[in-house]
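As given, the protein sequences belong to chains A and B, one line each in that order.
For reference, each letter of the first sequence is one residue, going 1 to 378 in the numbering used here.
For reference, each letter of the second sequence is one residue, going 1001 to 1398 in the numbering used here.
It is worth saying that the hints were derived from the structure and are not from the lab.
Hints may contain errors.
[As the list claims (entries may be wrong)] Lysine to aspartate or glutamate pairs mimicking DMTMM-like chemistry, simulated, CA-CA at most 25 Å apart:
hint	chain 1	residue 1	chain 2	residue 2
1	A	371	B	1259
2	B	1393	A	285
3	B	1029	B	1208
4	B	1266	A	311
5	B	1143	B	1176
6	B	1393	A	261
7	B	1255	A	367
8	B	1262	A	311
9	A	372	B	1268
10	B	1310	A	8
11	B	1074	A	4
12	B	1262	A	308
13	A	372	B	1280
14	B	1310	A	285
15	B	1255	A	311
16	B	1284	A	285
17	A	328	B	1291
18	A	328	B	1325
19	B	1238	A	285
20	B	1255	A	2
21	A	31	A	49
22	B	1284	A	367
23	B	1255	A	308
24	A	275	B	1385
25	B	1053	B	1063
26	B	1262	B	1370
27	B	1255	A	307
28	A	371	B	1336
29	A	371	B	1263
30	B	1262	A	367
31	A	371	B	1268
32	A	13	B	1002
33	A	267	B	1385
34	B	1255	A	309
35	B	1284	A	311
36	B	1310	A	4
[To be verified] Okay, the calculated bits of chain B under chain A, using three or more residues with CB under 8 Å as the criterion:
hint	stretch
37	1276 to 1289
38	1292 to 1302
39	1305 to 1311
40	1314 to 1325
These numbers come from a predicted model, not from an experiment.
Glycine included, each C-beta is placed from N, C-alpha and C at the ideal position.
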Amino acid sequence: MDFELSDEQNMLKDSVERFVKDNYSSEARAKLADTELGFSRDHWKKMAELGWLGLPFPEEVGGFGGTAVETAIMMENMGSGLVLEPFLSTVILGGGLVAEAGSEVQIEAIIPQVIEGNMMLAFAYAEPQSRFDLNDVETTATKSGDGYVKKGHKAVVYHGATADKIIVSARTGGNSRDEDGISLFIVDNNSSDVTRRDYRTIDGQRAADIKFEDAKVGADALLGEEGGAYPVIEKVVDKAIAALCAEAVGAMQAANNITNEYMKERKQFGTPIGKFQVLQHRMVDMYMEAEQSKSMSDMVAMKLDLDDETERRKAVAAAKAQVGQAAKFVGQQSIQLHGGMGMTDEYSIGHYFKRLTTIEMLFGNTDYHFKKYAALAS
Amino acid sequence: MDLSFSEEDLAFRDEVREFLATALPADVKDRCDRGLHPTPEGQIRWQKILNEKGWMAPNWPVEYGGTGWTITQKHIAAHEFGHAAAPIALPFGVSMVGPVIYTFGNQEQKDKYLPRILNSEDWWCQGYSEPGSGSDLASLQTKAVRDGDDYIVNGQKIWTSFAQHADMIFCLVRTDSSAKQQEGISFLLIDMKTPGITVKPIIGLDMEHSLNEVFFEDVRVPVANRIGEENKGWTYAKFLLGNERTGIARVARSKRQVERLKDIAKAERCGGHTLSFCNDFNNKLTRIEVDLMALEYTELRYLSMIASGKQLSAEPSLLKIKGTEIQQRLTGLLVESLGMYGAPYEAERAYEGRNEAPVGPDYAHGPMAEHLYLRAATIYGGSNEIQRNIVSKMVLGL
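Let's have the full structure, built from the sequences with the hints guiding it.
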């Protein structure tokens, strides 16, 4: 039993740290977030060259066969710089679904492209009524001739505009909240019968609402078994949650460091505000929340590949609940301790607060995961 | 990174389980599980069983009688003990003064006291706090004046747990009043039977007698009973306090409490169902359970850092703060789970000579006593506010 990184893992950590240091000063990030794209294609190329986009994929398809621990190392360090490139959407979610459920042909066509940085992906799962329930799918895919006709509305699809292909969950059978009867489809983002509304999110990223009005896809668009996609979705989303927990840890640690330094510099009543005990204790509470989150993030990364599914689900729900709770506290208190400066767009702390706020919501907020844990633990 | 246990570790876990299943006396286990203090006799009986097995002092170096367990094995043992409701050894001897003696004591002191601690021949108590010196411990006033081969000690200690049973007390005393506060303190080992020592009970808000005042009036203590150098006692005192904070998280005990709460919730009725169907109750319990899991993995992560040779600074303070907060939330919820049967309460001595069980369901006997006693958890061992000061200074540099 140990929590230490191997030499290779330490090298990966150093390399991501360097990338963030070189490319993600708060000024550089602000500029990037304000471009139409919202991230940098040059950075994406660089990530491909460094091998990061192939990290979690099996060696047979050109990946590095990394585990959730390597993903966590990447995400944690990217979180500390609030990196904007769509690693989670493309590699963990989109790539994860294809690698998990895809046919040989689909894997061959997509994964090497992803690894080389030539193809971006997005996962459209949420719907206006579904909230956080992955099984709540009203979008339908009806068999028609050789393929399917899709009808429905997918909500807040992160990186929906920049993805070359979107993986969409749709119902091929059962009732709207059944776990059975959900299928996945790989859809080209430029089809004419898909309507997309692109917008910005509070964390500097991009998302889209996507409507399908009798959109036709071929039979080869089906990803995995018809009607049997739910376990695949759940498994891949668990990986995304673990990755998000790691990202949150990096963001919390960075927010704490920034706030900690500010407390040493900012003077009031003739003394640094870090000398005031009431503020010291608040800062200690923020530090403790980040520490506890780090432990949970490491724990879930190590438990993610467990065969015992209940154990895995419990670990994921507990980690997301704890990290979500901590992310809210650290984000909000960072603003408080900065006083008026924390309220400005120019100063970096607000951007950490905003990303931590969305991480708390993504794939189920704190309440949702406490409830999920309670159901699994009883 | 790897969470799995090795074959040897799993074999060790089985050995500990087997030992606890056969060696832990049922009466000792029952009191511990309820959250009641062991009786003094039961405590000593259990400690002697532990010593026979060679497991009295897992944290001591092997040459002094330690077990030589790896950090993982210590963790496994602590969890099995907590799960089985086995009392931990009284901390005053084996966890507090023992390490001070083998680290700073002379050979004669080691030879004399360490075996007696291992075999529970001396019951130790801690003479640190004074009426005017709580969190500000270095302001203590109890004086020791040199007279030939003796010190003459005058003063008062307070909040001395179980001094009424103690054979020995380790004391911080002032040997130089002109020096800076921290530099005039010495560390003495004092026989409680020495003339001039008076122990007065303080009845706690749990109506039990676990706390005392200890008065010293011209008490003669041989200079040979001083640990290390004169006026260097603060160094040894701080070493002891640092030791005290590790293991104070009591994760395994809290995990056992979660199990008890789940059992009680299945038995208590509420709104036509059992309490286990009450969303509000479950929500509170789940939040504690998840916080406890975070604490458990934080403890493991720190142990792993130590095992790989990294130096911790004030990280153990986090374990103390979070661990005691969780203990209090758990005992609070235990009392809450009892509904109206949270209210009946009598001190244990009230039952002496009476042939009746406490009122209410059997599981209602214990939670209130522990709930009341554990209000002290966030105060003792350096209050949680002091711990936050320590983290602020040592880790955050504020």
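Against the structure shown, which of the earlier numbered hints fail to hold, in ascending order?
-> none
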